[in-house]
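**Q** Read off the chains here:
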Amino acid sequence: MSALSARHRRELAGWAFIMPNLVGVMLFLLVPVVVGAGLSFANWNLVSGVEGVRLTGLENYRLLAVDPAYWRAVGRTVQYAGIAVPVTVASGLLLALALHAGAFGSRVLQLIFFLPHVVSMIALGVAWLLILHPTAGIVNLALKAVGMDSPPLWLASPQWALWCLMAISIWAAAGFHALVFMAALQAVPKELQEAAMIDGAGWFRRFTTVTWPAITPTVTFLVVTSIIGFSQGFGLIAFLTEGGPGEASTTLSYLMYQTGFQQYRFGSAAAMGMTAFIGVAVVTALYWRWQRGRSLA
Amino acid sequence: MKRSPLGRWTRTVVLWLASMAFLLPFAWMLSASFKPDLEVFDVPPRWIPENPTLGNFAEIWAGEQSIARYFLNSILVSAVCVTGDLLTSSLAGYGFARFASRARDRVFGFYLATAIVPGQLLLIPRFLLFRQLGLYDTLWALILPGVFTVFGTFLMRQAFVDLPADFGEAARLDGAGEFTIFWRIYLPLVRPMLAALAIISFVSSWNDFETPLVMLSTESLYTLPLGLTQFIDADGGLSAGLAMAAGVSALVPVALVVILFQRQFISAMTMSGLK
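Residue numbers (the working numbering), protein chains in the order written: chain A, 1 to 297; chain B, 1 to 275.
A portion of the hints provided could be inaccurate.
Sample of chain A residues facing chain B (criterion: CB under 8 Å; computed from the structure) [claimed, not checked]:
{"id": "1", "residue": "Phe-17"}
{"id": "2", "residue": "Asn-21"}
{"id": "3", "residue": "Pro-32"}
{"id": "4", "residue": "Ala-42"}
{"id": "5", "residue": "Asn-140"}
{"id": "6", "residue": "Phe-176"}
{"id": "7", "residue": "Leu-185"}
{"id": "8", "residue": "Pro-189"}
{"id": "9", "residue": "Ser-253"}
{"id": "10", "residue": "Ala-269"}
Incomplete in silico selection of chain B near chain A, CB under 8 Å [as the list claims (entries may be wrong)]:
{"id": "11", "residue": "Leu-54"}
{"id": "12", "residue": "Gly-95"}
{"id": "13", "residue": "Met-269"}
According to the in silico footprint, chain B covers these stretches of chain A (three or more CB under 8 Å from chain B) [stated by the list, open to error]:
{"id": "14", "region": "91-103"}
{"id": "15", "region": "273-283"}
Hints in this document: simulated from the structure, not taken from any laboratory.
Cβ atoms here follow ideal geometry from the backbone N, Cα and C, with glycine treated the same way.
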């Protein structure tokens, strides 16, 4: 009897510890996920209230598939993530390699590099608005000073807005990638490095044969998380360009925000969210397989 | 391993040059925050303000366009998020680590699986949920999702799982309850991880822009990042000096935390990255 009650007690205690968190996670994470997925198959707006939800099957998805604005936003998202992800990972790796090899003041440098990642994107956005100001920003003042008569309008230019946003988010994330790479580089076995050195392997060969294989999991991790991150964020876009000028910087996540929270077309926005989710999941899975295939070969 | 001093100097120079690209936007913002509005757009631009003034800061703290309200809201939201997150996450992390069972392992597996759910997908249903609960346009809408986190649970479970199970046995034989064992014996042992989680939780709630953007409509409830939008005109122009002073004020607390707790912060960030 006492053994049974001890087990019973243990079982109860286990759930009791988990319960507060679990209830919150169910309510604010699991329920929203299910509702969100469900909404994507429904037509609903704020006015009609909960009773007004009408299931419409795949109608939201069908409408998206024939909506050119949706596909343009998808294209911009692919462009955004397709460029920002490799550039961020590569620059993070370069910074980390240089820091790891040793430099004076590397602790301070590390701090400087990841500062943009930790402070508010919006506070940084304010700074960039001033720097990239079409007429009075220092960038354009400098360009005019070296003789360029009509420098780009940057965030206010349809050609450049998306590129500016991309550059700002790369700038903000590179230091974080460097930080994660630093930790990975510290874990690369020193003996292997030394053995390769004694064998007369040059820097590049040591990198490809020793360092790179050891940090591949980190590369994969950063690629995957930044695909998710870069294809999701809309805060900086909402703040700096509101998707414009025109729709020049309307990525899928911003279009979803617009559709949901400015036009209150929740069903359609939820469907966009689902397609983004599926798209990212597929890209991630493909990258994963490709990466695994390569490391086995 | 031998390293040539020349290489070290080259790297030092290159890295410090690169660091300029990371620092200059901050420096320019800081410089502009001390300039009178007319001087911000002076040609040629000056790094050191010609007529340095605290006027911008006085205006945004005590003047008509005060950010003091946003600041208070941000402090309130962050404080509750951090406290709540530490509490529920360490309890749950302990539960998953110390009281493993098949059912609880399954639940933890479900926790891990939620990591792939994109935050944007959650925004609309959360918005609708909070409307139903009557919490739309209250600070609770920002606080509640920050209090119950999968990430925190994951981090704390990781910390508890590494501790030996028999630490609590003696106390248990003395008749101590499970909560006492957790609170008195195990929790103090994971202080470094608690510090790391507190920092991450603070930074993410302090900087969050998308949640308040969607959940708040009353201006007096704005947190700092959302409050910064008040300094940008509809046509994209900005009252530059004020905006810069507000931006500086918004990022100083986080920058301070990060600089003061650099070691904990780095371990927190890499843990969040590596595990």
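**Q** So, as I understand it, the hint says B:Leu-54 touches chain A; can you test that by seeing if any CB pair is closer than 8 Å?
**A** Since chain A brings no Cβ nearer than about 19 Å to B:Leu-54, farther than 8 Å, the hint is violated.
**Q** In terms of beta carbon proximity below 8 Å, does the region 273-283 of chain A have 3 or more residues touching chain B?
**A** As far as the region 273-283 of chain A goes, the hint holds, because 6 residues have Cβ atoms under 8 Å from chain B.
**Q** Does A:Ala-269 meet its interface restraint, that is, does its C-beta lie within less than 8 Å of any C-beta in chain B?
**A** OK, holds: A:Ala-269 within 8 Å of chain B, min 6 Å.
**Q** Please check whether A:Phe-176 passes as an interface residue: C-beta within 8 Å of a C-beta belonging to chain B.
**A** Constraint on A:Phe-176 satisfied, holds at 7 Å.
**Q** Taking 8 Å as the limit, does the beta-carbon of A:Pro-189 come near enough to a beta-carbon in chain B?
**A** violated, 13 Å
**Q** Using the nearest Cβ pair, does A:Ala-42 come within less than 8 Å of chain B?
**A** violated, 12 Å
**Q** Confirm or reject the coverage of the region 91-103 of chain A by chain B under the rule of 3 or more residues with a beta carbon closer than 8 Å to the chain's beta carbons.
**A** holds (count 6)
**Q** When the nearest CB of chain B is found for A:Pro-32, is that gap smaller than 8 Å?
**A** Since chain B brings a Cβ to about 4 Å from A:Pro-32, closer than 8 Å, the hint holds.
**Q** Hint validation: A:Asn-21 versus chain B, beta carbon distance must be below 8 Å. Holds or violated?
**A** Result: holds, 4 Å to nearest chain B Cβ.
**Q** With a cut-off of 8 Å on the beta carbons, see whether A:Leu-185 makes it to chain B.
**A** At about 11 Å, which exceeds the 8 Å cut-off, the nearest Cβ of chain B leaves the hint on A:Leu-185 violated.
**Q** Should the interface hint for B:Met-269 be scored as holding, given a Cβ-Cβ cut-off of 8 Å against chain A?
**A** holds, 6 Å
**Q** Quick check on the hint: A:Phe-17 CB to chain B CB, less than 8 Å?
**A** Where the cut-off is 8 Å and the nearest Cβ of chain B is about 3 Å from A:Phe-17, the hint holds.
Hints 4, 5, 7, 8, 11 from the list above are not met by this structure, while the remaining hints are.
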